[in-house]
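Chemist: Here are the chains, one letter per residue:
2 protein chains.
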Amino acid sequence: MSGSSLKNSIGLVSPQTVVMREPLTLACGIMLSSHTLVFETYGQLNADNSNAILICHALSGSHHAAGFHEGDSSPGWWDSYIGPGKAIDSSRFFIVSLNNIGSCFGSSGPTSINPDTGEVWGASFPSLRARDWVESQRLLMEHLGIEVWAAVIGGSLGGMQAMRWSLEHPEKLLNAVVIASAMKLSAQNIAFNEIARRAIKSDPDYCDGDYLQQEKAPLHGLALARMLGHVTYLSDELMGQKFGRELRSGTFSTEKTQPIEFQIESYLNYQGDKFSDSFDANSYILITKMLDYFDLARQYQGNPVKAFGHAQCKFLVISFSSDWRFAPSRSREIVHALISAGKDVSYAAIESDMGHDAFLLPNNRYEDALASYLSRVADGLDASIQAEGDQT
Amino acid sequence: MSGSSLKNSIGLVSPQTVVMREPLTLACGIMLSSHTLVFETYGQLNADNSNAILICHALSGSHHAAGFHEGDSSPGWWDSYIGPGKAIDSSRFFIVSLNNIGSCFGSSGPTSINPDTGEVWGASFPSLRARDWVESQRLLMEHLGIEVWAAVIGGSLGGMQAMRWSLEHPEKLLNAVVIASAMKLSAQNIAFNEIARRAIKSDPDYCDGDYLQQEKAPLHGLALARMLGHVTYLSDELMGQKFGRELRSGTFSTEKTQPIEFQIESYLNYQGDKFSDSFDANSYILITKMLDYFDLARQYQGNPVKAFGHAQCKFLVISFSSDWRFAPSRSREIVHALISAGKDVSYAAIESDMGHDAFLLPNNRYEDALASYLSRVADGLDASIQAEGDQT
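As you go down the protein sequences, you meet chains A and B in turn. Sequential numbering from 0 applies to the first sequence in numbering that gives the first Met the number 0. Sequential numbering from 0 applies to the second sequence in numbering that gives the first Met the number 0.
Treat the hints as calculated values from the structure; they're not laboratory data. Zero decoy hints are in this set.
Copies of the same chain look alike in the list, so a pair counts if it fits in one copy or across any two.
Heads up, simulated DSS-like pairs for lysine-lysine below, C-alpha to C-alpha not over 30 Å straight-line:
| id | residue 1 | residue 2 |
| --- | --- | --- |
| 1 | K305 | K241 |
| 2 | K305 | K342 |
| 3 | K288 | K200 |
| 4 | K288 | K273 |
| 5 | K305 | K171 |
So that you can see chain A by itself, here it is in the shape it has in the complex:
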């Protein structure tokens, strides 16, 4: 299979907006009387509405997973894997990608207006769980006239949504693709998230969460949070290869007091600043808390085998060797629980030195694993349509 660079792009795409008028009661008990979702679709829904795939984004993702927005020079965040002839093939599937509530790219969240008060939500946007995203996605599913997802796919927090779908609405998906994910965060995972949140909250421009109302933004705190996240997304090996101990400025040899700066420092500071200009601090706090709270088996007496006993779909689990945020061992826990629960599971342990970020980046083995699995899914749908056609 050739690299994704040889394949066609989706081309220009336009986001759509829908206001969900049906009340959504969140896990925390608060009800959203209505909520807005921004989403994109790629490919065509087939005659029996059976070829729909849901893409679930992670912490900082958006609805813009593939193709180009008018005037943009770079494509959506998962363009390497979504498109005609790509692993998630838009010539065979109808692919739905939304911005989830609580995020900051147009769907209801801390930067949007609370319809009940007319004020911006800010830090008062309610606490969320992954299941709330699933429920909101289910409303979008109804809106689009889809009864069953051919697959629900996501990496990291996206994989958690795919797993939650399999337990909450087992009859509404045929396949769950769980990439670089975990059934729950470790203490270390939570620790990094907490430091990121404290970085944001101790920025004086955070204003106890009311920065939008005061026309400020905790840019320094959010940049720090992102820098820290970034280090945990990359592998030690990759950082060594990419930056090593190369200097950006200064020198060790001159006996001068000029500042010495390593390339990795400059890179991280750039990444932090770029992110803080494009993401919302309250959303970052809210979604990292979602990650911390996620515990697949909590309501199943902490037993993941019991949890997955409720699933009816097939599973593809994918991990990356150098991912230390959600290490391969965390994926193997998922696989073992699925096997013990008697489920149909495929597991692809991909060699990669790209760390957790590997799930977003081009990788032929990963592409092959995803493409061949989903190709079988598409073949199954075609056969099923064929069979129905034969009967009528």
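Please build the complex by placing chain B on the supplied structure of chain A, with the hints as guidance.
Modeler: Chain B in isolation, oriented as in the chain A frame:
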């Protein structure tokens, strides 16, 4: 060998202060016309001044390595390993532990007065390298009338000083004990340090480093830096065992909006706040930069074998299995370079789930390795004195 808890403590100790009047030209080219060192000693110097051991502290350490200060309920930072009958045996060795320049426990550094200006140094304290600490330690050595260290011992940055001693003054030490250390930092190590520095610098109370002059302190930034450091000192396993996903407040089951806080969050916030009350932010920046800059073989064409070719002492290298800040592989690099350079090296790879912090914590295997090595050193000194006695 029994655990250290069964052994005797040094008891009450008092720090001493000495002003070094000899100018010290730093690696950056700046000259300190004089500098102050605070130090403690444990045990007695023998007749021929041959039983002295130098203890080198790491990032946040001080001269107070063992025993108790008047009124203190907790002992020095390495009390588990220093004392009569302990691994670093004060009944056989004369143990010298100093606060290095640039730190903040009484020796010249950002919180002390620049004698040339009469003003507090603050952020203007010159940039330091590990070799500057070694030179300052050499002045203390002369002051104490010591010609050769029986051993120079340190963990982490302390181990870097021990290695630097072996190259800069090969004739002045018989043994170097290098614990949980590395020949240079990786890009990931530097990345974490840079995030910590940026956390401090983006605290408005940092005042571009002039916070002391303005009677402020970047407590939030320094706390963040420490929280981050702390996560990298602990292993994922240990954090899992110690905290897991236990909650400190709130509950997942009540459908209430009360905040949910994990134990690990509370613990880290406590550690961060405690540290920022006792350490200086400019010192933290200065010493993390020292760590980043350290590169054992830089002036030896980047060849550690060539570097260690200059050493004359014996080496003990110790690593800890769960240390991911300076992983065992980093210690093995040291060992391999020493072997290739034809040096006498012992290596103890200790099993521990305590992460990088293991070098500070009780561990029988570690204690045995250190004690048996140093016991042979002491035996050698005794035999040498005996032989001299026989000759006269």
